[in-house]
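**Student:** Build the full structure now, drawing on both the sequences and the hints.
Residue numbers (the numbering used here): 1 to 156.
Be careful, since some hints might not be right.
List time: in silico SDA-like cross-link candidates among lysine to any residue, alpha-carbon distance up to 20 Å [said to hold, decoys possible]:
1. Lys-69 / Val-45
2. Lys-37 / Phe-81
3. Lys-69 / Ser-59
4. Lys-37 / Val-47
5. Lys-69 / Glu-49
6. Lys-69 / Arg-43
Hints listed in this document are in silico derivations from the structure and should not be mistaken for laboratory results.
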Amino acid sequence: MWTTENRARYDRSALRYPSDLTDGEWALIAPLIPLAKRGGNKRTVDVREGVNGVMYILSAGCQWAALPKDLPPRSTVNGYFRRWDDDGTLGRIHHVLYVQCRELAGRDASPTAAIIDSQSVKSAEKGGRELMRQGMIPARRSKARSATSWSTRKVC
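**Tutor:** See below:
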């Protein structure tokens with residue numbers, strides 16, 4: 001519920017971008033970020049800024065080229081994003097934040113009930129396997145000559 005006390009906790013006006021992490025959010029996420037790869041050069045980019053870059057892209061929904069210049073280079077942020085997506089880091093971060101949000105709301109860490117919309121079930125029944133099968137049938141080849149067959153003459 002939005003109360004005067006609660007509103008102050010969610011105020012992001014002091015941050016550079018609304019997607020930037022607060023100190024409290026960083027404290028939750030930092031232990032989940034994997035260490036730098038062994039054998040390579042030392043990290044020259046602050047990992048928190050890399051996370052801020054990933055959060056900017058995810059929250060703004062913009063192109064990589066539109067990443068602001070005061071964040072790390074887009075190739076670096078993209079590298080972090082791809083690596084963390086592949087190794088499951090983003091999933092672990094999501095889970096930790098999800099559990100915390102539920103606990104702050106006074107709920108159990110995981111939901112105990114699910115709602116299935118009957119309208120969605122009905123529409124799934126109409127298509128189902130029949131539509132999938134049609135989509136997987138290879139296209140028929142045209143019996144008409146292709147442009148390459150008539151442009152070259154047969155030599156007998």
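**Student:** Hint by hint, say whether it matches the structure.
**Tutor:** Against the structure, the hints:
Simply put, Lys-69 and Val-45 have alpha-carbon atoms about 14 Å apart, close enough for the 20 Å limit, and the pair holds. In summary, the hint linking Lys-37 to Phe-81 is supported, as the alpha carbons are separated by about 15 Å, within the 20 Å threshold. Note on Lys-69 and Ser-59: the hinted pairing holds, with a Cα-Cα distance of about 17 Å set against a maximum of 20 Å. Taking the CA atoms of Lys-37 and Val-47, the gap is about 13 Å. The hint holds against a cut of 20 Å.
Proposed proximity of Lys-69 and Glu-49 is supported: the alpha carbons are some 12 Å apart, at most 20 Å. Between Lys-69 and Arg-43 the CA atoms are separated by roughly 19 Å; this keeps the pair inside 20 Å, and the hint holds.
Every hint from the earlier list agrees with this structure, and none is contradicted.
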